[in-house]
Amino acid sequence: MSGVGIHLGFLNCYIAVAGAAAFETIANEYSDRCTPACISLGTRTRAIGNAAKSQIVTNIRNTIHGFKKLHGRTFDDPIVQTERIRLPYELQKMPNGSAGVKVRYLEDRPFAVEQVTGMLLTKLKETSENALKKPVADYVISIPSFFTGAERRYVMAAAQVAGLNCLRLMNETTAAALAYGIYKQDLSPLDEKPRNVVFIDMGHSAYQVSVCAFNKGKLKVLATTFDPYLGGRNFDEALVDYFCDEFKTKYKLNVKENSQALLHLCQECEKLKKLMSANASNLPLNIECFMNDLDVSTVMEKANLQREDISSIEIVGGATQIPAVKEQIMKFFLKDISTTLNADEAVARGCALQCVILSPAFKVHKFSITDLVPYSITLRWKTSFEDGTGECEVFCKNHPAPFSKVITFHKKEPFELEAFYTNLHEMPYPDPRIGIFTIQNVFPQSDGDSSKVKVKVHINIHGIFSVASASVIEKQNLEGDHSDSPMERDAAFKNENKDDVDKLQVDQEEGIHQKVHAEHTPEEEIDHTGAKTKTTPLEKQEQLNQTIKREKSRTAGQDLLNSYIENEGKMIMQDKLEKERNDAKNAVKEYVYDFRDRLGTVYEKYITPEDMSKLSAILEDTENWLYEEGEDQPKQVYVDKLHELKKYGQPIQMKYMEHEERPKALNDLGKKIQLVMKVIEAYRNKDERYDHLDPAEMEKVEKYISDAMIWLNTKMNAQNKLSLTQDPVVKVSEIVAKSKELNNFCNPIIYKPKPKVEVAEDKTKANSEHNGPMDEQGGTETKPDRNPCKYSHLILDKGAMEKR
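Per full-length UniProt numbering: the sequence shown = residues 1 to 804.
These are calculated hints, taken from the structure and not from any lab test. There could be a bad hint or two in this list.
Stated by the list, open to error - Derived DSS-like pairs: lysine-lysine, alpha-carbon spacing no greater than 25 Å straight-line: (1) Lys193 x Lys335; (2) Lys589 x Lys686; (3) Lys700 x Lys754; (4) Lys646 x Lys589; (5) Lys576 x Lys134; (6) Lys397 x Lys102; (7) Lys452 x Lys397; (8) Lys220 x Lys134; (9) Lys672 x Lys646; (10) Lys302 x Lys218; (11) Lys216 x Lys454; (12) Lys731 x Lys703; (13) Lys700 x Lys655; (14) Lys274 x Lys331.
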């Protein structure tokens with residue numbers, strides 16, 4: 001078993017595996033540990049990853065990349081419209097208002113962003129399973145810490161499309177922090193001062209900063225900030241703008257009007273950026289408000305830390321390798337940068353570690369993780385007061401997560417709760433709404449008073465907000481209770497909304513080992529005014545099978561999601577069929593090129609000039625056919641074409657192989673005949689080694705060997721009379737079969753072991769008393785033999801001969 005972590009980047013993706021045997025980053029079929037986040041769609045097939053990136057220029061309108069920022073956003077979203085200018089392919093408004101991608105695959109058709117990301121995740125899943133040579137059950141996927149609930153739901157939907165069991169959507173900086181801290185052996189105990197570390201992650205399109213506190217077996221994210229619009233591509237764009245202006249001035253060329261030329265320039269500028277970074281050259285660009293003191297100072301303030309409280313600064317992400325970025329970081333923190341982590345692979349490795357921590361299939365040492373809520377969240381509802389509405393901020397910015405809170409309402413009828421992000425100006429998202437939740441089947445008490453309704457709101461392990469459950473507290477007298485005081489009865493009903501992806505709950509108590517199990521998260525209880533109260537366990541509860549109704553969001557409903565899953569399955573099958581068709585076509589090409597090359601070299605002696613001309617013409621016609629009407633044919637056409645070519649080529653190939661392999665087969669058979677003949681000769685000469693063999697069986701052996709020699713001589717005399725262009729009289733397979741037959745017939749007879757001989761007891765005793773020859777008087781020599789056993793084999797042989 002292995003836990004797999006996926007770093008789902010804007011530009012590139014990484015896959016890491018953590019298990020009992022190894023902890024490593026997986027390489028794809030190109031032996032590359034980095035897989036481009038790129039999908040290229042053709043008329044009948046898809047290329048994903050490295051193969052797709054090579055088609056960005058040649059198939060520019062149908063190659064999808066840079067789609068990470070489209071998650072959870074409407075087509076009219078300003079961010080989508082800004083990205084639309086950058087993208088060479090066409091975006092389209094989907095029926096639910098979200099942004100989709102319009103490309104040609106079998107036909108002109110739109111794909112939802114969940115489907116596009118699902119395609120990429122399908123490829124990453126295939127890569128991980130091919131590397132591990134077994135199916136993988138559990139995954140953890142990284143996302144930016146600034147993703148809202150809508151964006152997180154889109155990624156979860158994409159994971160379902162790809163068939164991934166996503167245990168957690170993990171913030172990228174938190175994953176990097178886990179990869180940093182889990183192996184640290186010098187962390188202080190839980191009751192001592194923690195080690196504070198700042199993690200700065202600048203990738204291709206965004207940068208994030210998190211301050212984390214480490215104790216032994218514990219990671220707590222104290223605060224985070226981010227800029228979703230600043231990353232490595234801003235440096236690329238600055239270089240592109242510089243060269244566009246220069247080309248326009250010098251050569252009167254407007255590069256930005258030609259999409260292919262602009263794409264070429266962007267690729268070259270990216271290479272130039274990396275080259276300049278490696279040589280620590282000064283970049284000719286200026287980015288406003290980069291790493292300004294306000295953003296980073298806010299993080300430090302939220303974490304209640306000063307610069308001197310920071311132990312180290314860890315950097316991850318490709319853009320952090322740019323000298324200008326490093327300089328700004330060191331300038332603010334007044335500390336040298338630490339490069340403990342692999343800048344590209346740390347996030348994927350942290351996700352893999354989290355996967356094994358969460359998976360019940362592994363036993364790992366305790367390491368708890370407390371993340372946080374990136375944006376404050378408020379609930380709003382209608383009231384009977386003059387203003388008509390009530391509000392309560394249930395989660396503030398940087399609140400620990402996952403976390404649950406219970407809010408108490410006094411209602412006589414069903415009511416709605418509107419959840420939204422409190423401060424729109426803090427968000428990179430134009431719509432603050434999270435969803436509207438209707439609490440149904442609320443009625444007055446039997447005495448006419450309002451019912452007490454307890455609503456549990458929850459930030460789950462993925463960072464997604466939901467109204468998880470509600471309980472109606474009814475007054476009643478317990479049976480057998482002689483007191484006059486009424487008893488509150490808690491009747492709970494759960495959220496069964498199909499759109500809600502809140503499926504996993506984890507322990508978040510200090511020192512508790514995280515495992516996926518039944519709901520158990522830190523919890524607070526507040527009433528509708530915001531005052532905290534204490535929850536007292538009730539003595540009697542009755543379940544009411546009711547639901548919380550959630551207003552539909554832009555996230556695909558289950559029916560639509562099922563159709564995406566079905567379409568992905570069809571496309572996987574189409575990819576398989578297309579691969580088989582291309583393999584069949586390539587097999588024909590390979591046979592034509594290879595056979596034509598051999599025909600002029602090693603096969604030349606085995607074909608007549610007339611047949612050579614005829615076969616050369618057939619190969620040339622086949623090559624022309626492949627690039628004309630044979631360019632796009634069904635698989636069976638290529639299979640039939642290859643079969644037709646082999647009818648001409650295999651006889652020639654057979655003659656060549658027979659001629660090359662015949663000497664060795666003949667030599668092996670000849671050696672075996674000679675060995676048997678030596679045994680026969682020794683037997684005729686009364687060799688003691690073979691005097692136990694049966695005479696009748698030896699006559700059979702002599703007869704068999706005589707026939708074998710006649711067969712061999714006859715075949716070889718006939719074969720020597722033939723030319724190389726003629727079919728052989730005897731095939732190698734026949735010679736090998738004859739050699740095997742000889743072994744099976746002769747070996748059991750000629751190598752039959754001698755029977756064991758037992759020497760008489762008195763004879764053995766007499767022999768054992770004499771260590772030397774007898775003297776004339778019947779006595780023995782007085783000189784003893786220093787090695788009484790060295791002649792034992794001779795004594796036994798003599799005894800055996802006397803017995804015979």
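Right, here's what the structure says about each hint:
| no. | hint | in the structure |
| --- | --- | --- |
| 1 | Lys193 x Lys335 | 21 Å, holds |
| 2 | Lys589 x Lys686 | 66 Å, violated |
| 3 | Lys700 x Lys754 | 19 Å, holds |
| 4 | Lys646 x Lys589 | 13 Å, holds |
| 5 | Lys576 x Lys134 | 19 Å, holds |
| 6 | Lys397 x Lys102 | 37 Å, violated |
| 7 | Lys452 x Lys397 | 29 Å, violated |
| 8 | Lys220 x Lys134 | 34 Å, violated |
| 9 | Lys672 x Lys646 | 36 Å, violated |
| 10 | Lys302 x Lys218 | 20 Å, holds |
| 11 | Lys216 x Lys454 | 37 Å, violated |
| 12 | Lys731 x Lys703 | 24 Å, holds |
| 13 | Lys700 x Lys655 | 36 Å, violated |
| 14 | Lys274 x Lys331 | 22 Å, holds |
Violated hints for the displayed structure, listed by number in ascending order: 2, 6, 7, 8, 9, 11, 13.
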